[in-house]
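J.: These are the residues of each chain, in order.
There are 2 protein chains.
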Amino acid sequence: MKKKNIVFIAKSLDGFIAGKNGELDWLHSIPNPDNNDMGFNHLIDEIDAIVMGRTTFETVCGFEVDWPYRKHVFVLSNSLKNIPEKLEQKVTLINGTPQEILDQIYERGFFKLYIDGGRTIHNFIKEDLIDELRITTIPILLGGGFPLFGDLTNPMEFELIESKLFLNQIVQNHYKRRK
Amino acid sequence: MKKKNIVFIAKSLDGFIAGKNGELDWLHSIPNPDNNDMGFNHLIDEIDAIVMGRTTFETVCGFEVDWPYRKHVFVLSNSLKNIPEKLEQKVTLINGTPQEILDQIYERGFFKLYIDGGRTIHNFIKEDLIDELRITTIPILLGGGFPLFGDLTNPMEFELIESKLFLNQIVQNHYKRRK
Numbered sequence: 001m002k003k004k005n006i007v008f009i010a011k012s013l014d015g016f017i018a019g020k021n022g023e024l025d026w027l028h029s030i031p032n033p034d035n036n037d038m039g040f041n042h043l044i045d046e047i048d049a050i051v052m053g054r055t056t057f058e059t060v061c062g063f064e065v066d067w068p069y070r071k072h073v074f075v076l077s078n079s080l081k082n083i084p085e086k087l088e089q090k091v092t093l094i095n096g097t098p099q100e101i102l103d104q105i106y107e108r109g110f111f112k113l114y115i116d117g118g119r120t121i122h123n124f125i126k127e128d129l130i131d132e133l134r135i136t137t138i139p140i141l142l143g144g145g146f147p148l149f150g151d152l153t154n155p156m157e158f159e160l161i162e163s164k165l166f167l168n169q170i171v172q173n174h175y176k177r178r179k
Numbered sequence: 001m002k003k004k005n006i007v008f009i010a011k012s013l014d015g016f017i018a019g020k021n022g023e024l025d026w027l028h029s030i031p032n033p034d035n036n037d038m039g040f041n042h043l044i045d046e047i048d049a050i051v052m053g054r055t056t057f058e059t060v061c062g063f064e065v066d067w068p069y070r071k072h073v074f075v076l077s078n079s080l081k082n083i084p085e086k087l088e089q090k091v092t093l094i095n096g097t098p099q100e101i102l103d104q105i106y107e108r109g110f111f112k113l114y115i116d117g118g119r120t121i122h123n124f125i126k127e128d129l130i131d132e133l134r135i136t137t138i139p140i141l142l143g144g145g146f147p148l149f150g151d152l153t154n155p156m157e158f159e160l161i162e163s164k165l166f167l168n169q170i171v172q173n174h175y176k177r178r179k
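For the protein sequence lines, the chains are R and W, in the order given. Numbering of the first sequence is given in the working numbering, commencing with residue 1 and proceeding in unit increments. Numbering of the second sequence is given in the working numbering, commencing with residue 1 and proceeding in unit increments.
One chain only, chain R, in its complex shape (with noise of 0.2 Å):
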């Protein structure tokens, strides 16, 4: 099986993905009537599998909407014990180190994943285990907040793959790892 991870993730003209206090709402900022959701569903019809941190999970719990994913969800975490009991068919805890957590998976026989969250995605940058960026890019400058990149011990450099427009005002860019 081709084995391959993705981030597909909104950011802000200066990088954050989220405000200085956890915002998220300017992600809404600009209008979208037809709710075009940008990628979204064509992502996850082509993953086996989606990993996210903690943090977005609960994000995620804390929306009042259904369960939003159609494919199973791994949420890494140390602390977490168990999972809201409605979930248990559709969510799996698992921790370790990001290729840990690869092998854990991989042994599932889950190989195409969408990585999510902001730790969790720095952490598997850092072990460049990243092989696809899908980065959309809101004009907004929200000035500080959590950053979508990390530090790295040293550069990467990505192939530019497509770039595509969305609702005249959202410019969104594919870049696989050039290795």
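Some hints could be false.
If chains are identical, the list can't say which one is meant, so a pair holds when it fits in one copy or spans any two.
[Said to hold, decoys possible] Below, simulated BS3-like cross-link-like pairs (lysine-lysine); rule was C-alpha separation at most 30 Å, straight line: (1) Lys20 to Lys179; (2) Lys164 to Lys179; (3) Lys164 to Lys176; (4) Lys4 to Lys164; (5) Lys176 to Lys126; (6) Lys2 to Lys126; (7) Lys20 to Lys126.
Think of the hints as simulated: they come from the structure by calculation, not from any bench.
Position chain W against the provided structure of chain R, taking the given hints into account.
T.: Just chain W now, with coordinates in the frame of chain R:
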């Protein structure tokens, strides 16, 4: 005269304009056999003058090329007392707050300005004095360095005017401040 302050700059995928040790070589990491200037000369046609910080001025002076600007350059500095003799007709030293600097430049009859240099850009954005951002993204994660954007007290919304692709790898987005 219509006043306008434009930032035209290249950044890495993670938002840096220079590497951890000031490196700029990554700006040329995408082969550019025909020396596509990615809109630089068009920008220079459009503007009346260039405003840059001392560090950028000294960096340009250090390049082993002739003086590259065909419009007047204002160099912001509190410490520089004079400029090289051969540039006396082309460069003017200036200091003050961003607004004081603009007022001095307007008095001399220059209204459309290209604002350049990391700290200068930070200071002008902080005072909400930038009308247009033209940002070229090189597909590389530097992992650290001098960031294009700094902290802000409040978010600032922009409007996408145009998104261009150069050399099949480099996306350049033009944004206008939404006020």
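J.: Hints numbered earlier in the text: which of these fail when held up against the supplied structure?
T.: none
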